[in-house]
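So you can see what is in the structure, the chains are spelled out below.
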Amino acid sequence: MPAGTKVCVDKKLSPAFNARYEKRDRHLQNMIDSEVLVEAEGVSRFFGKTAAVADVSFMIRRGEVLGFLGPNGAGKTTTMQMLSGNLAPSSGRILIAGHGMQSDPRHAKAVLGYLPEHPPLYRELTVDEYLNYCAALHRIPRAKRRAARERAKGRCGLGDVGGRLTANLSKGYQQRVGLAQAIIHEPPVVILDEPTVGLDPIQIREIRLLIRELGQDRAVILSTHILPEVQASCDRVQIIHKGHLILNETINDLMHRVQSQALIVAFRRDPDVALVQSLAGVQSVTVVEDKRLRLFHEPESDPTDALVRLSMEQDWGLCEINPEHSSLENIFVELTGEQPEPL
Amino acid sequence: MIRTIAWRELRSLFLSPLAFVILGISQIILARLFLGHVNLFLMIQTRLVSIPNPPGLTTLVAAPLLGNAGVLLLLITPLITMRLIADERHNKTLTLLYSAPISMTEIVLGKYLGILSFFFILVALSLAMPLSLLMGGQLDWGMFGCGVLGLLLFTSTLAAVGLLVSTLTKYPAVAAMGTFGVLFLLWVIDYAGHGRGPGGLIVAYLSIVNHFEPFLRGFFNTSNVVYYVVLSITCLVLSIRRLDADRVGT
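Here the protein sequences come in this chain order: A and B.
Count the first sequence with this note's numbering and you get residues 1 to 343, in order.
Count the second sequence with this note's numbering and you get residues 1001 to 1250, in order.
Simulated from the structure, these hints should not be mistaken for laboratory data.
Check each hint, because a few of them may be wrong.
Beyond 12 angstroms from chain B on every Cβ pair, some chain A residues (computed) [said to hold, decoys possible]:
1) L87
2) A182
3) Q261
4) V288
5) R292
6) P299
Calculated cross-link-like contacts (lysine-lysine; reagent style DSS-like; alpha-carbon spacing at most 30 angstroms) [to be verified]:
7) K1092(B) with K242(A)
8) K144(A) with K171(A)
9) K171(A) with K1092(B)
10) K1092(B) with K144(A)
11) K1170(B) with K144(A)
12) K49(A) with K1170(B)
13) K171(A) with K49(A)
14) K1170(B) with K242(A)
15) K1170(B) with K1092(B)
16) K171(A) with K1170(B)
Computed from a predicted model, the values in this text were never measured in an experiment.
Where is the CB? At the ideal position from N, CA and C, for every residue including glycine.
Whenever a hint applies, use it, and build me the whole structure from the sequences.
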């Protein structure tokens, strides 16, 4: 939006005003077409002497869903707050669609939607009133507000609660209203801080689908401490730990990391550990508990078939076989070489 | 944008019972005081005739009532302004405003205009009582208008002070007590000195009520207008600075 075109949505709609709005639309479209939508350069944030986020750099392109993964207190929320302009970085630079969050906050904020940890709802307003207000805050002209509101409601499954007070909604619905608020102005950048907290499994699936859908033509950032969440909805993942980015790779690479390299097997009768050990591909065997073993194997060779055959021959009574997935904790241990805080 | 925020502020006020309770109770109190003034006027009316150039209805009824309204507003301002920013901060709705493409100035001015509209509604309702005197008498329009202008300036300043204190905390109750403390102090600040000595003059100048009284007597003095305007603008600018500091500070 050029500095000269000050848009005041409260003015009576005149043809000149409409033309100005369309000009703004076109301009926004041009901004969207630049590929990198979010860029953080050496961003740090100190609270007193503690660094909540230390020298973090990354970028997000259009059509990408980025997962911000980390244990509680890792600096996820602080990063989200800085990206959304709620918190100023102590050092470093944030660019949203080419606009500096510090130098040009108005244009930077115009292209982003933000769902904070706690959905910012006015308890005394109904869902419709609230969304109308959000639409107005984002300078959607009065004539287009209704359509924008209905579209956002439809996407978030809020069709039948428009007349209810936000205070009386369940946590899941409140979360959805928060989400509707973040996408009502169709922003090219969507920042979601723990979007599935407090939702039931069905709602979580719906939200993940919505995030996928949003990610097709936008840049979406979501933070979470749940690994499957990232798996389900992200293209790329960044792991943040004690304020530092310790991993930045595509979801496939991450999945490779968590690929099972161990099997948990249980038998009805006592197995011969030495025989199991001699199977092809098995690196080592440890006894977890009575009649239950953990087999470490090479990533390429899976000894499952051989093991089943061996059990049949020896009549051990194989009753359980489970690939052991590496968890977020394991990845942390692997990456940081230290025990993480309990999740 | 300022109007959008102001309108929501005013609407939210009227969606809670607080606004109606405040309007209702203040009307009851002012009505009682109004009756008292009218009663006094009726009692001494016969004796007034014997004085040359006697004080009229405006001096004896309307002006004291405007003065009462001022004191009442000073006492209820904390209740009205406490929620402005503190409540939004407490409920974490401030994030919505911070993430929207609007400046801190627009947020503060929107909030200020919203709350000011409520104050003006309250003042307008209170004016109905002195205006009812027109049914049986006459008002000195110059003096009355001057008093109303003074009352509006006075309330605008009260609202600005309340807004500033509300930006300083996240607890509405703390904001209410803080605003009450500041306003009450500004009211009684010159009680000890009574304007004696050079220091006393400064203290007397600071008093928020001293600048209101001349308006009630029908004296329009620019320096009094300047006092209120400067104090209001200072509070608004400090509020904007405070919100800016939210993002930067710890």
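Status of the hints after comparison with the structure:
Here L87(A) does not stay apart from chain B, with its beta-carbon only about 6 angstroms from theirs, under the 12 angstroms limit. Residue placement check: A182(A) does not keep its beta carbon more than 12 angstroms from all beta carbons of chain B (closest about 8 angstroms). The claim that Q261(A) is not at the interface with chain B holds, since no C-beta of that chain comes within 12 angstroms of its own (minimum 43 angstroms). At roughly 46 angstroms, the least C-beta separation between V288(A) and chain B is larger than 12 angstroms, which holds for a residue marked as non-interface.
The Cβ of R292(A) sits about 48 angstroms from the closest Cβ of chain B, beyond the 12 angstroms cut-off, so the non-interface label holds. At roughly 44 angstroms, the least C-beta separation between P299(A) and chain B is larger than 12 angstroms, which holds for a residue marked as non-interface. Under the criterion of a C-alpha separation no larger than 30 angstroms, the hint pairing K1092(B) with K242(A) is consistent with the structure, at around 25 angstroms. Using a Cα cut-off of 30 angstroms, the hinted pair K144(A) and K171(A) holds, with the two alpha carbons roughly 29 angstroms apart.
A threshold of 30 angstroms between alpha carbons decides the hint, and for K171(A) with K1092(B) the separation of about 15 angstroms falls inside it, so the pair holds. The hinted pair formed by K1092(B) and K144(A) meets the criterion: a straight-line CA distance of about 28 angstroms does not exceed 30 angstroms. About 35 angstroms separates the Cα atoms of K1170(B) and K144(A), which puts this hinted pair outside 30 angstroms; it is violated. As the CA atoms of K49(A) and K1170(B) are separated by approximately 24 angstroms, the hinted pair is consistent with the 30 angstroms bound.
A threshold of 30 angstroms between alpha carbons decides the hint, and for K171(A) with K49(A) the separation of about 35 angstroms lies outside it, so the pair is violated. Restraint check for K1170(B) and K242(A): satisfied, since their Cα atoms lie roughly 28 angstroms apart, inside the 30 angstroms limit. The straight-line distance between the Cα atoms of K1170(B) and K1092(B) is roughly 10 angstroms, inside the 30 angstroms bound, and the hint therefore holds. The straight-line distance between the Cα atoms of K171(A) and K1170(B) is roughly 23 angstroms, inside the 30 angstroms bound, and the hint therefore holds.
Against the hints set out earlier in the document, violations occur for numbers 1, 2, 11 and 13.
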